Amino acid sequence: MSDGAARSDPALEAWEVFRQEKEGDPMRHGGSVMAPDAELAIHYAREMYGRRQESVRLWVVRRADILDLEDPDLLQPPLDRSFKKPGGYVMRDKLAAAREAAGQAKPKARAK
Amino acid sequence: MTASRTPAAPPILGLDGLLLTMADDEFVIGFSDSEWTGIAPLLEEDVAMSSLSQDELGHATALYGLLAELTGTDADAIAYDREPAEYRHARLLDHGRGDWAMTIARRYLYETADATRLEALADGTWAPLAELVGKLQREERYHAMHIGSWFERLAGAVGEPRDRLLDALATLGPDAGTVFTPLSDEPALIEAGVLARPMAELEHEWRTRTTAMFARFDLSNLPPTRDPERGRTDHGADFAWLHGEFTKVRRGDPGATW
Amino acid sequence: MTDPLALDPVLSPAERSSPGAPARRHDEAYEAWFARFEAHVMNGGKVEAVDAMPDEYRTAVLRFVEMHANSELMGVLPEREWLMRAPTLRRKLALTAKVQDEVGHAQLLYRIAEDLGKPREAMFDDLLAGKTKFHNVFHYPTVGWADVGMIAWLVDAAAIVAQQALRDSSYAPYARTMRKICWEESVHIMHGRDVVVTMVTGTPAQRAAIQDALDRWWGPLMQMHGPRSPREKDMDLRWRIKAKTSEELRQEFLTIYVPRIRELGLLIPDPELRHDEAADEWRYTEPDWNELRTVVTNHGPMSEARLEFRRQAREATAWVRDTILGVPAAA
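Chains as they are written, first to last, in my numbering: chain R, 1 to 112; chain X, 1 to 258; chain A, 1 to 331.
Keep in mind that the hints are not guaranteed to be accurate.
As the list claims (entries may be wrong) - Here's a subset of chain X near chain R, in silico, CB distances under 7 Å, partners left out:
id, residue
1, Glu-44
2, Val-47
3, Ser-51
What the hints assert, rightly or not - Heads up, simulated EDC-like pairs for lysine to aspartate or glutamate below, C-alpha to C-alpha not over 16 Å straight-line:
id, chain 1, residue 1, chain 2, residue 2
4, A, Lys-46, A, Asp-168
5, A, Lys-180, R, Glu-13
6, X, Lys-248, X, Asp-81
7, A, Lys-180, R, Asp-73
8, X, Lys-248, X, Asp-76
9, R, Lys-106, R, Asp-93
10, A, Lys-118, R, Glu-13
11, A, Lys-46, R, Asp-93
I should point out that these hints are in silico values taken from the structure, not numbers from a laboratory. As the structure is a computational prediction, the values presented were derived from the model and not from experiment. We put the CB at the ideal spot given by N, CA and C, even for glycine.
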């Protein structure tokens with residue numbers, strides 16, 4: 001692969017490496033390598049995160065291209081949002097009242 | 001390490017010689033390039049070059065293993081217990097690793113030659129070797145990518161990197177074709193279908209390819225091989241030193257298990 | 001993972017690791033933030049590279065990681081010599097892979113330090129100028145194959161005891177890297193132990209070589225984790241950059257490895273070494289802290305030779321970095 005423009009003025013920079021341990025697993029961040037361009041970044045990612053056959057897939061991305069979001073106002077806004085989560089639906093007492101009114105016992109747990 | 005099955009076919013004349021040349025090539029270049037461990041130009045590159053060296057040593061181990069089965073001996077004994085003059089690696093690999101440009105140049109010349117050799121062995125009639133060659137080719141793809149990338153970077157640069165590469169190629173040029181030194185009993189190997197074409201023909205193929213590659217980067221063609229008949233037998237002082245190093249511990253306590 | 005701070009008691013002020021950020025007078029808001037930060041890490045909270053952190057914490061982590069990185073890099077050299085001389089194909093492959101891992105660990109650790117703001121080239125400059133240190137064990141010569149086995153087994157073992165205790169460091173990038181390193185190191189120790197056990201059951205010359213190696217390496221091993229220092233004053237402990245004291249690490253090493261050494265019929269060259277059952281503690285001859293000081297200030301038997309080797313190797317490849325790799329020169 002030739003990339004004349006990048007080659008004529010190379011600059012070492014950080015590339016982040018994401019790896020997949022086995023088929024079906026999510027991509028997880030492994031670490032980073034320094035490289036002058038994408039080609040060597042891929043080779044170095046393979047060396048640092050795949051030389052032991054410990055990964056079935058790697059993603060390599062220039063750190064500068066990664067968008068980082070950690071703003072708490074966006075990710076952890078203050079007002080109640082429990083209606084969006086399972087924990088916001090506690091029905092134990094209502095179920096007990098409904099069963100009593102119907103004269104029903106609580107069903108046995110299903111065999112797993 | 002070594003295959004556990006015994007070869008199905010009866011011994012083929014010249015097979016042991018072929019295996020020895022291939023194993024010695026991989027052993028010597030693997031050993032020699034492992035000298036970069038800890039001192040390569042970049043930490044990441046250090047790890048990469050070490051992987052390449054380990055691959056070569058692994059290939060050597062497998063090849064010595066096949067030879068050991070054929071001859072009823074031991075892979076380590078073949079690898080370690082010979083005098084320097086008995087090694088049959090290509091003279092190209094007698095050159096020390098030199099600077100980074102020398103290492104890349106030597107690797108480039110060797111990897112491309114080895115790829116051509118492997119192509120001519122991939123469909124051979126002796127299954128254990130043909131199978132192993134298939135595996136080697138898959139591992140060598142990464143070598144070709146990585147070394148090819150470095151060769152192009154140096155060749156395509158201006159100034160010092162390219163100058164160093166030119167110096168290295170000038171030094172290595174007369175020995176570059178020694179990977180294709182004709183084998184003893186080569187006709188028997190071809191007759192038996194182990195080797196698809198004579199080494200001379202493979203060398204020609206390889207030179208055609210490298211000429212095309214060199215032309216892209218305005219590099220002069222490689223000269224003909226110096227002393228082609230002795231391409232695998234005259235090993236000089238650099239190899240004698242390497243041999244002294246890698247046999248040092250074994251010679252210190254012969255017969256010991258390590 | 002020898003804490004550079006742990007060496008301070010045996011060093012003169014001039015020899016100690018460079019001090020952290022100078023104490024500044026801060027306003028109330030800063031003091032409050034600092035207190036919250038401290039509470040966060042002291043309670044098990046984590047810090048990422050992009051997080052705001054006090055200069056003192058950043059400096060402490062950087063110093064710790066930098067010495068660790070330096071040690072992985074310098075640690076390659078004693079074994080590299082014997083790479084060329086490995087006596088079988090399998091040992092050659094195993095040792096090459098081990099040394100490769102060490103270079104890989106250096107990469108991982110220098111990356112962490114780089115992301116804290118110090119360029120790699122600056123760290124190499126400081127290492128080679130003697131301004132930063134590397135672990136004592138890597139300042140000694142390796143005289144034979146037995147040393148290779150001994151280092152891979154016991155030196156790596158002493159290191160892994162420390163490294164395991166760092167897997168929950170408050171500095172999260174370091175913690176994650178330590179988990180990866182510990183996983184990779186476990187194979188090294190097995191390789192080392194295999195070499196040692198093979199030689200111990202081998203020829204008389206091999207047995208003698210192993211005992212001789214143990215005789216020479218025991219002192220440095222006992223010094224490796226550093227002298228005892230008071231818990232309360234240890235900022236690296238306070239901020240959970242590390243989890244155990246030097247003495248705790250040494251005790252752990254002895255507990256695991258003394259039985260494994262003795263079961264091979266090897267003699268540990270310390271007649272005072274014994275386990276005090278009542279106190280549940282190992283007693284031993286006080287390590288030679290003068291030797292530790294001499295060595296880590298780069299006056300060890302191989303310190304200068306190895307640094308010089310590195311300088312020359314670095315110079316020989318400078319042209320590659322300056323051109324093809326585009327490495328920025330250190331500021």
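Checked hints:
no. : hint                   : verdict
1   : Glu-44                 : holds (4 Å)
2   : Val-47                 : holds (4 Å)
3   : Ser-51                 : holds (5 Å)
4   : Lys-46(A) / Asp-168(A) : holds (9 Å)
5   : Lys-180(A) / Glu-13(R) : violated (23 Å)
6   : Lys-248(X) / Asp-81(X) : holds (11 Å)
7   : Lys-180(A) / Asp-73(R) : violated (34 Å)
8   : Lys-248(X) / Asp-76(X) : holds (14 Å)
9   : Lys-106(R) / Asp-93(R) : holds (12 Å)
10  : Lys-118(A) / Glu-13(R) : holds (14 Å)
11  : Lys-46(A) / Asp-93(R)  : violated (39 Å)
In summary, the numbered hints that this structure violates are 5, 7, 11.
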